Structure formats: C-alpha cells, structure tokens
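Using the sequences and the accompanying hints, generate a full structural model.
Chains A and B supply the protein sequences, listed in that same order.
Just so we're aligned: the first sequence equals residues 1 to 356 in my numbering.
Just so we're aligned: the second sequence equals residues 1001 to 1273 in my numbering.
What the hints contain is simulated information worked out from the structure, not anything from laboratory work.
Here the structure is a predicted model, which means the values were calculated and not measured.
No incorrect hints appear here.
Using C-beta positions, here's what the derived DEER-type ranges look like:
#, chain 1, residue 1, chain 2, residue 2, range
1, B, E1256, A, K311, 24 to 32 Å
2, A, K14, B, E1256, 48 to 56 Å
3, A, K307, B, E1228, 50 to 58 Å
4, B, E1228, A, K311, 49 to 57 Å
Restricting the straight-line Cα-Cα distance to at most 20 Å, the calculated cross-link-like pairs of lysine-lysine (PhoX-like) are:
#, chain 1, residue 1, chain 2, residue 2
5, A, K140, B, K1167
6, B, K1013, B, K1252
7, B, K1241, B, K1003
8, B, K1185, A, K165
9, A, K3, A, K348
10, B, K1269, B, K1008
Idealized CB from N, CA, C, for every residue including glycine.
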Amino acid sequence: MAKLKLMRMEDAVKRFVHTRTSILSSGFPLMRKPQAFWREIIRQHINDKMDLQIISPGMGDETNGYMVAAGLVESCVTVFISQERPGTNPNLRRSIEKGVPRRIRIEDYSNLSMNMGLVAAGLNVPFMPCLSGRWGDFRKPGFGRRFNEEGTIPVHHYPKDIVMKDPFGSEVDTALIQGIYPDVSVLMAQCADPYGNALVVGQLAYDQWSPFAARKHTIVVADRIVDTAACKQFPNLTLVPGFAVSAVIPWYGASWPCNSVGHYAEDIAHMNETLQRSKTQEGAEECIRDYCLSYKDHDEYMEMIGKDNMKQLEDTHTRHLVDPFREWFMSDAEVEKLMKQAEAERAKVEAESEAK
Amino acid sequence: MAKIGGKKELLEKFTQQEMMCCACARQVPDEAIMDIGVGLGLVAANLAKGIYAPDAVFMYESGSIDAVVVGDRLPYGIDDSVIQADTPCITDLLHVLGWATMSGRSTHTLLGFAQVDKFGNLNTTCMGNYYDPDIRFPGSGGAHDLGTGAVHPILLGPQSTRTLVNKLDYKTTLGYGEDGHFRDKMWYPGKGPLVIVTNLGEYEPDPDTHEFILTGVMPYSTVEECVENCGWDLKVSPDVKEVAPPTVEETKLLREVLDREGLNTGWTKLAKK
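Pasting the structure below:
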C-alpha cells in the first residue's frame, strides 16, 4: 500500500535541512518557487550559521535574498540573481560586492548548461554533453560535488573547461557539464495527492528534471491536496511519482509572491516593496521580521499576504489551468485527518527502527 | 560624406529607448521564430509582432511556445502568468533552449547587454573581478544559450565607452569569439549576431572579420558621437546611413499598447517636459 507522505512545514524543515545541506529550488524567478519553505528555514535558523548551498535557476527572489541577508548561505549555484522586471536582488548584490553580512561564493551557469547538470544528476551519470558552455567564463573553475562510485563528495575547486571531441568520429566537440547534485530538491506544485504524486501545470522551466536530481530527498510543497483520482484522470501531468517523494507539505499560497499559475498571479507590488526596502541591510532585516518571523501558523501567513490582496491575485487569467482539478481538492479537515494518520504511521516506523 | 544625424530637437518628440525598440523591431522578418527575453527586448519584439512580423512565433525559454499575452500589460518576466493563459504549447526549458534553439529552429532572439566587444561578445554578469566585482549584474539566464544557438541574435544596450569595450570584464555570451572566428570551428546553428543596436547607432559585422562597424546613426546622434562613445577603434562604413525616426504607427503602438506607463522606454517623462 502506498505510504502517506503528508508532513507539516515545520517538521519537514527540521527533518531535511541541516548545516551545509545543499537545496535545489523549483520554478523560475517569478514562478512556482517554494517561498514558504525558505521562510520556514529562516524562522528555525535565524541565529544559526547554516552554511547552506542554494541551487536555483533564479536566486533573485524575495526569500532567497532573505536567506543571504540572514547569513544562512555559504554558496549558490545559479544563472540569474534578478527577479526580472522588479530587478536585481540587492541582498545578493550586497553579499557579492561588499561581503555584507558575509560573502557568498557564487557559481554561474547558463540556463541550458545548469539544466543539463541536473539531468546528469537525475540520470546518475557524471556529466552531459552540451553545445552551451564551450566558450566564455562559465569555464572558470567551479565548486560543488564530485561524482564517484560511492555517491558524491563535496569539492571546492573543480575544472569546468572540459571539452570532448565526438568519440564516434565526427569532428564536433562539445562542452561536458558536470552533474549538479543537491541533497534536497524542493518542488512547488499546484496540487499533490497525499502519497506524493505531484501535479504541475504551466511552464515547467527546469522541473521536468529538477525533482530527480536530489541525492537524498525530494520534497513537494503543494498549494492544494487532491484525491489520487485527479492524478489518475491526468496522469501525464503528474510530474513526480509518489514513491520518489519524501514529504508532501500542504501550504496554500506557498509560492507567494511568485505565481502558482491556476491558483494565483505574481504579486509584483510586494516584490517591488521588498526589493526597495532590501537596499540596506537594516531594511532587509526588517523585511525578514515582517515577512518571515511575523506569523505563527498558516492562518496568520494568509493574513500577512492580506485577504483582499490574495483575492485579487486569485483573479488570474490562468484560473482555467487548475479548473480540471478543483472537484478533487480535499478540504482542510480531510487533509488534517490524513496528516495525523501520516504522523502516526511515521512515528510507528521510527519507533520500530529505533527498537532494532 | 553627407552630413547625417545631429537632429537633437527630435529628442523632444521621442526617447532614445523608443528609437532602439523601433530599430530592433525593423530587423525582425515575418517568418521569425523568436526566443524572447525581458526588458526593452520584450517591448521591441512585441513591436515587431504588431507591425512587421505578425506571424512570428514567440518562444519563452521557461516553456511557453507561441504564447499570446493576455490582459492589459506586457509580461514582467518570461515566466509571468500572462504568457501562460492563452498558449497552445507549454513545455520546459530543455525543449526551448535544448531542442528548439540548439537545432537551429530559433531564427532570431533579442539580447540585452551590460558590455559588448567589437566581435559582439557580451557581458551580463559583472563589472570588475568576477570573484570580487565592483558591480554584479543578473547573470546569463538563457542569454549564453540563445547567443550560441539562435540563428540571428539582435543585440541591444546603452552606449558609452564603459559598455562598448575593448575587453569584456566577464565573457557571458558568445558573439563571434575573441578573434572573430570562434564559430567557424563549432557546430553551432547560430550564425552570430546580426546587429548591435544602441541608443546612438547601429553596428553590423564586417562579413570577413566579423568586427562590428558603424552602419547606422540615430537621427539625433552623429558619427562623431558614436565613435567617441565606443571603447574600440570603431570603423565607419562608407555607406553609413541615418536611421529613420519612429513612425506614427510605431509610436502609437508603443505608447498606447506596449508601454503605456513608460516603464521601459521612459516616454511619459518626455511628455511631462
């Protein structure tokens, strides 16, 4: 029988995020980013030196900026530190240019080459050939994780200027992109069933492969929990099969202020406000207080977003993309009942394991 | 050489950013399949689709293909919800940048820059030492991939000796390489940049050396200004021409539809003067 994977946000961060954990984020600068997960990391570790590594297609979003401003990040692997129209994240700039509050190490890729690195990790091969990366300064030495027979080991300096001539005889040469191996991959999904099957609609960006790059855990943060019948009705939209998932965190609005198409649009006004306020370290710390530490539970989180504001964001042009799933949305009471059951099952397994 | 440009009074009628959008849009043919980015390039692409290339297919690297923008504003980014609501095909980045772009199906793209050199190589990563930069810019995003694979990249950015430079602080995106001929040895579908459009002029590659030379002067600018504001020893085409100012149709589309608030082109500040 399939295992229930439901887990509370607080519990998931406690279980899966530790000192020096390498975490991969789903989505794109404005889209489907597990922002509430990052907020919870800050809530639990605001006074800790975590030395986390963030792997993200867009490091410029609100909460990745707060992670850097809170000094929780040692390094990041990324392609872009801007949130597009709202602009480059000042928290990242302050860290990279001035070392405030600490200088993070940054390793740059292009979108295609970074995606290929994650495909390599997903396919369990050391590298992928790619036309991108053959020219330019991405070939400066990088850091990260070296593939070996026992899994991966962290290294601090590895060459990226590796070119291979086609061993099958053509004259074509390609760059070899080393696998990028996060410990934990966090996927923001519009819907998931209680067993981990995650339904995603809209642009997929890196996420055809990003959930499969994780060496230890794939975690799904879902706006809505649905009955498995929804996945069976649209099986091609199930991006990740349940057995591959360590936890499903139900948290409506988790992507805010980024969009979760079908549920809510991007909150550009909020992004503009927080990027503006983050221009000083003090301003960033105030934002962390206001938007990470200020709520006690999900109800207060929704109050922080603002009920009227959320209503406006929900009046999005993309509503029809999630319409087919609405009949299978589970109520809060149903989800809570299954959550307790999942917690009881986990406690039993853990007790048995300890007894052994 | 006949006197061209120098009509400074035109800057009371339109902005330099509007001129850049028009100059880029005129480069896009109707059969284009375009990878679209953000910022001024997005405005220019939509201007092209509105006037010169109505049948162009727009692809956004995060996954939307042949997207129609819904609502009353341009997207804030390539992953904005307004380009995911009325789109017949939505997929992932590997399909757009891997399959469509690296197989040569993407005919055009518009790429912004912080620095460009005389062979059309771009920097969008940093100024100063990469490991301890004076200014950190957003980074490549998909620009490196689009510059490599899209058949005809169109480059656009502001011009000064700090932006049109002899040597890039960081090599983000390939134009024609350090010697102008890097692509000759590579199996790239991309032919190299078609044109550099700045607020002062238009620059096209010499067919043999691939060094960019001045071929067009914005109507309010001059050859001398283009040369003075270029960090390399700029050659001027004997056929250098004056770029036509924005047409009534272009201005109308820009101000009434594409950039009503002037966030990208700054035209609303002009109106207040």
